[in-house]
Each structure stands twice: as structure tokens, then as C-alpha cells.
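Trainee: Using the hints, position chains D and L against chain V.
Protein chains in written order, with our numbering: chain V, 2 to 303; chain D, 155 to 1056; chain L, 46 to 171.
Honestly, the hints are just simulated from the structure, not real lab data.
Predicted model, so just to flag it, every value in this text is computed and none were measured.
Beta carbons: idealized from backbone N, C-alpha and C, even for Gly.
Accuracy of the hints is not assured; some may be wrong.
DSSO-like mimics (lysine-lysine), calculated; alpha carbons at most 27 Å apart, straight line [stated by the list, open to error]:
no., chain 1, residue 1, chain 2, residue 2
1, V, LYS11, D, LYS675
2, L, LYS115, V, LYS33
3, L, LYS87, V, LYS33
4, D, LYS410, V, LYS129
5, V, LYS274, V, LYS237
Okay, the calculated bits of chain L under chain V, using three or more residues with CB under 8 Å as the criterion [as the list claims (entries may be wrong)]:
no., stretch
6, 48–55
7, 87–94
Reference listing, derived: stretches of chain V covered by chain D, where coverage requires no fewer than 3 residues with Cβ under 8 Å from a Cβ of chain D [unchecked claim]:
no., stretch
8, 52–66
9, 70–77
10, 91–101
11, 104–118
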Amino acid sequence: MMHNIVEISKLSRNFQATKALDNISLELDTGKVYGLVGENGAGKSTLIKHIIGALQPQIGSVKVFGKSPAQYPVEVLSKIGYLSEERDLPMWMRAREFMDHTEAFFPDWDMGLACDLMQKFHIDPKLKIKNMSRGQKARTGLIAAVSHRPELLVLDEPSSGLDVMARYDILSEVVNTAASSRSTILFSSHLLDEVERVTDDIIMIHQGKIILTGHVDAIKSRNNRYLTALDSENEKVEEYLKTGKNIIRAVRKDGEWLLVTPLSHDAFAAEMKALGGTITEKLPCSLENVFIDHCSLENHHE
Amino acid sequence: MNRIFETSKAIIKEEFRLQLIAALWTAALFVLTMIAIRFTNNLAELLPAVMVTGFYIFAFGFVLPWQTNNHGHLTPGYCRYNLNLPLHTWQLTVLPFILRLSLLLGFIGLTTIAFAALYKFPNVHYNWNTVIDYTEKSTLLYIGLQAFAWSRESFKNVFLWLGVACLACAVAFQGIFKLFTVHSITYYWLAVALLLALTVALLLALAFFGVRNLQRGVIFSLPGLDMLARLLPKPKGYNQQSFETPEHALFVQTWKRTWYIMPSCLVFFLVLVSILIFKPEYYHYNFLNLTAIFLGMCLTLPLIGIISIQRVERNRYFYNMPAPSYIISRARLKAFCLSFAVSLGIGVFGLFTIYKLFLAPNLPNVLLNSQPNYFNQPVVVIWFVAAAIVWAYAIAFTIITAYYQRYLLFTFFVIAAGFIMLRSGLMSSLHGPGGLFRDLKSVPFWNIMLFAIMFLALAKYSSALTAKGGYVKKTARIISLFIAAALICFACLFLRFMLLIPAVIIISYPAYALCRNISNKRHEQAIDAPLPCRTILIVTVLFSLFASFSYLTESILKNRLTQQVKACKEITASCPWRYPEQNIMRYALKNAPFPKMLLLQIEKFKKSNPKSNTYAMIKSVLSKLCYKSNNSSSLKQLEFYLQISAKYASISSSRLRRLIFGLPALDQADFKQLEQIKLSLRELFRNILVQRINTQVRVTNEMIKSFKAGFGFISEAAFSNNQTLLINRKAQQPPENISLVPVPYSSAGYLDFRKRYIIKRRTQSFESKFLMIPILCSSLDYIDTRKRYIDSLLFILHQKDESKKSLPEGKDFFVDGSFPVSCNAILESIVSIANRQYKIKNRTAPDNINQLVPRYLNLSETYLLGFKSHEDNIYMFFHKNTLENIALIEKSFRGSSLPSCK
Amino acid sequence: MYGIKLNFDGGMPIYLQVVNQIKHLIASRRLQPGSELPPIRKLAQSLLVNPNTVVKAYKELERQGIVFTKRGTGTFISEGHSPLNKKEQKKVIGSLAGQLVTQAKLLNIPMAEIIQEIEKQFKEGA
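With the rest of the complex left out, here is chain V (with noise of 0.2 Å):
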């Protein structure tokens, strides 16, 4: 099956007024791990739902295993491990009950596997949900996700309020998923330190659009932030500043310039020549600061 996964087109969604997604066209491969970063709001949790089925496509399609999951969502969800954002897990069950009852749902449920990540992740076979911490509830609900080998295994926001050991736990299971498994994986998340390390690609999602694909190192080669000193009296210069096609931001920064461009070192140089400007340093880029050039509300290409 050589088709992807995921194919979504041309996705748009509106709810009342807002617009939560806009034309949206993504597709994901088998076996990568895929990570959606963006702002509270920005989409993200919309975007899964469509994969699940639990939202229908306004505008635009949604194809999962190549079925639309909202059309034919048993087959569909028999082959998806979900963990969704609020932990919708039973709570009034004990975690040996809760495995025992999501097993009569998925013919490929391997108890053995269960009864060791519930091990792993120290999880008191009859200890109540609702009396677990957050962490346990989290580890729980992956525990249920991943346990019966599921093709794509979708989790929103598994880290989000964890302790640094949840997260751990979590996120070494997430990479060994990767490792043993063809399955392909697709998580958000607010921790881009996590994103960057875990993932093969990365989408990110602002305001409904997507304005980033890509693995990270892809992503941040296209970040370049420069310190620039630059005579922005000259009308040429607040010309290019405001409008110039290759600049993803500019802040002014101590009587200099932070420009962000997508162009290499010596591209960019040839421009500021011709503006009469100089690279003075080129700064480090972290994901978040591609996050924050981005997004951010100075950015003038909004």
C-alpha cells in the first residue's frame, strides 16, 4: 500500500464566524513520525478530529487508509490509536478493567503488551481512573492507544500539564513505536524541543493555514536570522523592510536589525550590499524562534 496514509485536501472549516481551517491540503507517509505545532487555536486539534472522523468536511476532503473516516468510520478507527486532548477515558474503571474492556473492541489487541507498558509505567493494575494523576491518565490512554498495533496512531497533545517523567515515558514510547514499527505517528504539541528531537516532519499550522512542512532541519535552514545594521532613514531600506519578498521578519534590536530570511549567507549579504547594509552576525536558530518568526504579530507579511 504504497498510497499515503493521510490525504487531506483542500480541507476548510469554519465554526460560526471563525474560520478554524483554511484550505488545508496535507499528506503523510507511512512509518514517519509527524509533528503539528501551533498556536492555542490555531487548528490543530480541528485537524485531528477530522482524521478521526468526528468532524465532517465542510469544504475539501479527508481520506484515511484511502476511506473517508467519516463515512466509514469502524474501519477507519479500527486501525487508528487515539489520545485525545482531554483524556477522555472512563473514569470510573480501574486500568486492568479499561484494558480488559478496550480489548473486545480491536481483534489485534495484545494484552501481553499492554500488562508490560502498565509495567513500565508503574500503573497499578486496580487503581480507579479517576484517581490517577494526570501523568497516569495520560500513560494509560497511550498504553490503550498503542496496544493493539494500530497503523497510525494519532495523539493530541500527549504532553501537554505532564511532569517530566510522564513526558519521558511518553515520549520514549512514541520513539519506540517508531523503531519497532511501521506505524505512522502524528502528535501535538506546545514543547517544540520534543517536536524537533521526535519527529521526522513537522507541520506547522497558523491560523487555520499551513505555513511550514518539513523535517526541522529543512525548516530551519530556511530561517536564517541575521543581525543587520542598516540605515533605515533611507526610504529604499523601509521600502525593503516593509515590503521586500525575503524577509519573514524584522525587529529592531539595540540601533541594529534582526532580519529573518530564507536566503543563504551569501544571497542575503548581495542584498544588503545593495542596500547599503551589513551583516554584522548570524544568530542561532531554534525551532521556537522559527515558531515566533512566524507567527508572531509583528510579522508584516500577515
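Mentor: Below, chains D and L alone, put in the same frame as chain V:
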């Protein structure tokens, strides 16, 4: 001081804002409901209005303690935010309390005004006593709920143990609760008032200290039942259970979490009712009351059940599982059905226990003796049980449908209201007699309702299953559905088994509605909601079984009825005492030793001088006619004849049908005096009895009339408890003219249950289809009773062959508990004999009558099986259970020796 | 594992960091030539990075001739250096020297000091 005033004002303002909206809505709803009832009902039918008023008052008392909490949801607790403000506790408790109480009283005032404006106030059902009663009870309800709500968190488990204590008292120490129901204890009022005052004080203190403890963070807790649970040996820690299918897993989970909701609501309600609201005089164990309670249970429990199942199962986890929506809905519906069955069982058992504890310790015997025989037949009992179950589930599923398709419900009510208005003549008066609206009145009510429901259900089914089409297609579909629904309803009028189709459609709809609801929540559109074939199949099979069983039972009973009617006809044909008058007259004529002409003259004379003394009059006429008769016996016979004719004339004019049997062989003086005693006794007896029965009759009549609007068949029913009461066929007569005791001999039309003509064909109305079996049973019992009465009369008056022997015990036709009432006439004869034995020469006999009458009234309530007079002795045979009344009788019949009773 | 620490603030891709740190470990004799590198999965789990990153790092190391893969067995550190990679090595050293010189010029540090520093490091590393 100023600050206190300011803060108090702020609290009152907030309270007011919160409660006023709810109060205004409730008041508006109430007024609308009252107006609707008033204009769709007769002014004379008060009962629905009274019931609605009572309901609203109690509902208001129930909802007052609820307030919104931090999250904006309604909880019966205290808003956490207010507790953290710098306020005194009394500001937080007393002020809202007073405000809410005044709102409650204001609401009651409003209801009274509304009632007075629309109906007559005060009246027998709703007067100042009722208002005070309702006020007391709903205030108590409100205070109790408020105290519970406010002290729930800071006095943990106090109410739990209070509830357990109450229950224990109710079960083990009936006396404490009999206090509320038995009025004959002296200083009853004082005791109740003290107890109530104590309770209210306790509740108020709990409320106050509850809030105070919440503010200070003090929790006072008694050990709860979880301590008990901890003491129990734990089996394993968790139930390791593997499930074969997703449906099994879902069902077990839903069942474990929700099975207790409906039964516990029911138990709570039953306990509440038996403690708070119960008054024995409200409840007579007759068919109508039991049906009302049963209906109430069936209407409220399913709503509670389905709402709580949906709430408890709200967890979104299950929606993300790869299970089709119909499996989830099936699991929930199954859990609901089983839980409902448990509730029905508890309901029946609970009602039985309440009756047994508070009303009638010897209930089974009373039931067995007062209910006629046919209702106790095994087939009929089984049918009743089956019908109760089927109807309960039918109503439950209708409620679920209404819950899920609220706009359908709204549409239905609009149609119903419109139709009622049309039918009740509101509109026809506008359009004049004749034409469409006149014919509309003859269309049976239920047919239209059934049609409306069917049409809506069909439309709902089809709209979801077929693909969307253009406007033309949609219109065509709606029109074809309309025609289909009309045809089916029409066919149902003629072919009873066609009722199966609408029944199955309506009852299986909830499965579909639930599935659609779940699918909607999961996928934002109901995309996987297939036709619930399995449910439809099960429902069809069960309904068919029930229908066939009903049909069989009905045919058995109908055959029996036809037989009995025939037998009765035969007997009455041969019976010389048969009414109408001609035969009595014929009999009298046969026995009168005078030629007919003479009799006629005497009659004429009597008619023109009604006041004259019979004996003297006869003598005078005879002498006038120069007829010499020294034969005292023939004179006596003449007198006897005149008696009978006069009596029958008077009886027929007063529509009292009673036969009074004078026993022969008395001497003249005694006869005269006896006659006097008998007459006055009869008058007294009749007046008292009639008075008592009249009240009962009036009350029952009111109830019947108010139900008649919807349940028109009741005019045919026969009530059969201690006061045998048979409603006249034409029930428009005032209560005093209701015939008290049997012997209406018209047997015509027993099988004619409100037939109607539709397109010149005779059909039966819907209600008679559903209630054919109870109607048949009543008719059978009625006929049976009559037959037995005739039999026993004939027996007693030596018309049967067995007269030579003494009365054998255990003869079937004396087991009937309704027999004694019909023996009033016979008792009068006993009185006459007894009085003769009791030295009538003592002139104080008339006074004794006042003492004797109550005893005779009692006597009539015992189960007199029969009596035999042999020479001057009277042998009376009573039912075994009434031995305690023998002493009374012995006392009253001093001097007569009674044989030992077995 | 082996004290490999990753840094996410700067611009350096993770796989390169892994490559460099492994090279450092080899240079400081903490990883002996001939010894086996941890399997991809294990290293990915312990570092908590995407296995593909480790794959990339190992490939890069193999390209530079520092390690070699034996089919079915694992990845091993090469003995010595093959002559093919001398050119590569020269390139790497050259670029590093270039960066060092740039910084020195910026900070106005004389060449003598730099050479001193280099000598000191070599002695410590032995």
C-alpha cells in the same frame, strides 16, 4: 452596620435575579397549562385542574433550592464563590431562605388566584383546606431539600443515616408513621404539630450550620456506608472479565453504572409518598386509582432513566472506539429495558407493601373478597400482568422518542391541541352547526392522535433513510406517507390486528432515534444509523404474541358472557319476581283473592288518597262497595298485594329498585308496629346509606366525568368494592338517582361498547379495543352477581328445590363479597323478625333503632353469606373472617340463640 | 548514553550533533576502535530522538569512514582511517581552523595564544 446593609442588599439582588427568572417561567407555564385545561374541558370537571395545581406547587417547592454554581450548572448546593466572600453566615442563609420562602408562598397565592379566576373556588376538591395542606407540604419539601443541599458537604452522611433511620422506623415501627395517617388518636393534631415543628427546626439548624461549616472549612462527618463496604470481604480487587464482543463490553459497562438509577428513584418516591403525602381516604384500591398510579410511574421513570443513562454515559471515549453507533445504542437500550423491568417489579412490590402497611393489613382477603371473581381468574390475571408490562414498555419507549425528537413532540402537541379545540366545539360554535365541524365531533379522538403519531414516525423514518431529493420528491414523499398513515389508521378501525403496524412503528422508533442521536454526537451528522431491524423483529414478535393471547382470552370471555346473558334471560323469564312491574302485578293478582275489578277500584281510590292508612282505607272501600269480608287472611293478602303495588309504584318513581320481602304469619298488632319500624328503619337506613354512598358516588362521579373526556368508556364500568355501585348507562343523571343495588333487568346491549358509525359501518372505538378484557370481566361479574342474586333470592324465598334442606355451607354463590350489600332488603326482614323476638311490646323500640342502625350498617359490611329462618330462629352464616362482628350481632339480637359458627 | 548531550537552542541539526559527539568520544578513546556502536533503536530511545536521526548520523559516520556496518550484526568503529577519507578529514580540520581564526580575529587574540591553546588540548586528550 452600613456595610452589612450594603452586602445584604447585594445578596438579595443576586438571589432575586437567579430565582425570579425560574419563578416567572414556572408561573407562565402554569398559567398556560391552566388556561389550556380550562378551555378544553367542561367547567364541571375540576379534577385535572386540581391535579395540575398540586403538581405545580410541589414542583416549585422542588426546584427552589437549586442554584447555579461556578460552572454555570444548576446544582442544589451553594455557590463556592459566595462562600469566600466576607459575609456573615446569616446573610448567606437567612436572606435567601426568606426570599425563596416568600417566592413559594407567592406562587401558591398565584395558583389559588388563577384557580379562582378560572373555576369556582372554594369547591369540594380545592378549598382553603387544600391550599393550607399543599402549602404545608411543599414548604416542608422545600425546607428539607434546602437543608439537604446546604449541609450535604459539611455534614457528611448525616442525611444518609437520617434516611436509613426513617426507613427503619417506617418498616419496623409502623406506629410512628401511622401517626400521620390515623386521626382517631386523641390530641393527634398536637402530636403531629409538635413533630413537624421539631423537624423544621432541625432542618433549619442543619441548613444554617451547614453553610457556616462550609465557610469555616469544618467538616462534620459520620461514618458513611463506604465504611461498611470496606468491612465486607473483598473478592478480588477488580473484576477481570474479558468480553466476547464490543456489544457485550458496552452493555456490561452501561448496566453496571446505570441499573440502579430508575429503581432507586422509584424507591425514594415511594418512601416519600408513604411518609409525607399519604392519606388513606385518597386511596381506594380500585381499578382507576391503580391505573393512575401505574401511568404516573410509567411516564416519569423512563424520562429519568434515559436522561441519566445518557448523562452517565456521556464519556466521549466510547465514541472514538471502532464500534458502529447502533451497537452503542443497543447496549444502552438493553440496559434501560432491564433496569425498567427491575423498577416495575419494585413498583408493584412497593405499592403492595405500602397498601399492606398503611391501608389494609388484611389486604389479600379484602381484595379477594371485594373483587369479583372474574378478575381473579388465572387467565385474566396473567393477561393483566402481561398488559401492564406491554403498556409500561410502550409508554416508556414513547417517552424516549419524545425526548429525542422534541420538535416531533412539539408538532404532535400542536396537532393534538388543535384537534381538541376543534372537537370541543370552540371552533364549531364559530362555524355554526353542520358541515365539517359537526362531523368532526363524531370522529373518535384516539384515531386522530394515532394517525398523527404514525404519520410523524413514518416521516421521520423515511426522511433519514432515503437520500435527499428535490422539493418535488420530498413533497411527493410526504403526501404518500400521509395517505399511507391515513389508510392504516382507517383499517385499524375495522381490522383489529392492523393495530400491530402503528404499534410496532412507534415502539421501535426509539432504537432508531437513540442510534441517530449517538451517531450525531460522534460524527456531527447521523451517518450510520441503519434501520433497527432486530428491534423491529423482536417488537413485532412480542406484540403479535400478546395480541393473540389477548384475542384468545377475549373470545373465551365473550363466549362466557353470551352464555351468562342467555342464562340470565332464562332465569328472569321464569322468575316470578321479575321486573318490570307487570309481572309483579301479575303475581300479586294471582295471589289476591279478589276479583280484578275490585282491585282496580281499590287502586284508583288509593291513588286519589295517597296519604290514607292502607288498612283503614281498604276497609272503608270494601265497606263502600258492600263487600263483606271477615276473612282476615284474605284481607291480609289484599293488603299485601296493595303493599307490593304501592311499593313498586313508589320505588319506580324514586328509581330505587329494592325488593322487600315481608314474611308471612304475623298477627295484626305486631304487623302494624313492625310495619312502622320497618318503614322508619328503611327510611333511616336508606338515608344513611344513600348519604354515604352519595358522597362516594358524587366523588366518584366527578372523577369519572373528568376522565370521560379522554377515557369515554368508564361509563360502562362497574365498580365493585364494598359499596357495590353500578353506574347507570346514561350517566347524565344526578347522583341521587343512581341505582344502588342490582336488578336492572335490561340485558340489552351488553356487548355494545360505544359503537360508532363511520361511513355507515359499525366499528368499535379504540379504547374499547384495548380495554375489552377488563370491560368483559366487569360485565361478566355484573351478570354473575345478578344471576347469583336472583338465585339466592329464589333460594331464600323457597323457590328452589333445595329449600327443603338447610343451607349448606360453602355454596359457591355466597362467596361473592358483593352479596351482603344486596342483602340489605333481606336484613330488613331479619330486623323485623328479630325485633319481634326482641319484645317489641316495649315502646322504646323506635329509640333502639338509632342504636341498632349503626350496627346494622356494620352488619351490611360483614360478609353475610346467608340466613335461614326456621320457625322463630334465625340462622345466619357469615364469612369466616368476620367472626369479630358476631359479638356485635349477638349483642343486638339479644335473646336469639345463634348456632356456633364454623 | 555515553554522555551524549544534545542542544536544541542553536542551529545545529541533531544528527550532526550526534556525529560530532561520537567523533569526540572516539577521539578521546572512550570508544575503542572495533567496538560496536549501540543499535539504532537503543540509541534513539536513550537519547529520545527519532530513529531516523540516528540512522542519518550513522550513515554520515559511515560516509566519513569512521564506522562501518556489518550486515545483520551491527555498526562498528573502524580501525584507523582509510586513505580515502584523508581529503574529508582535511576539509573538516580546515573549516574548524577557519572558524577558530575568525573568532580569534574578532576577539583580537594573537596567533601565538591560539597555538598554545591547541597544544594544551592535545596534551590533555592523550
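Trainee: Determine for every hint whether it applies to the structure shown.
Mentor: Comparing the hints with the structure gives:
1. As the CA atoms of V:LYS11 and D:LYS675 are separated by approximately 25 Å, the hinted pair is consistent with the 27 Å bound.
2. Among the hinted pairs, L:LYS115 with V:LYS33 is consistent with the structure: their alpha-carbon atoms are about 25 Å apart, no more than 27 Å.
3. Between L:LYS87 and V:LYS33 the CA atoms are separated by roughly 18 Å; this keeps the pair inside 27 Å, and the hint holds.
4. Note on D:LYS410 and V:LYS129: the hinted pairing holds, with a Cα-Cα distance of about 15 Å set against a maximum of 27 Å.
5. A hinted pair counts as satisfied when its Cα atoms are at most 27 Å apart, and V:LYS274 with V:LYS237 qualifies at roughly 13 Å.
6. Only when three residues or more bring their CB closer than 8 Å to a CB of chain V does the claim for the stretch 48–55 of chain L stand; here the count is 4, and the claim holds.
7. Under the rule that three or more residues need a Cβ within less than 8 Å of chain V, the assignment of the stretch 87–94 of chain L holds, with 5 such residues.
8. Evaluation of the coverage hint for the stretch 52–66 of chain V: fulfilled, as 5 residues show C-beta separations to chain D shorter than 8 Å, against a requirement of three.
9. Taking a C-beta to C-beta cut-off of 8 Å, the stretch 70–77 of chain V contributes 6 residues in contact with chain D, enough for the three needed, and the coverage statement holds.
10. For the stretch 91–101 of chain V, the stated coverage by chain D holds: 8 residues have a C-beta nearer than 8 Å to a C-beta of that chain, and at least 3 were required.
11. Figure legend: the stretch 104–118 of chain V, annotated as covered by chain D; annotation consistent (4 residues with Cβ-Cβ distances under 8 Å, at least 3 required).
Hint compliance for this structure: every hint is met.
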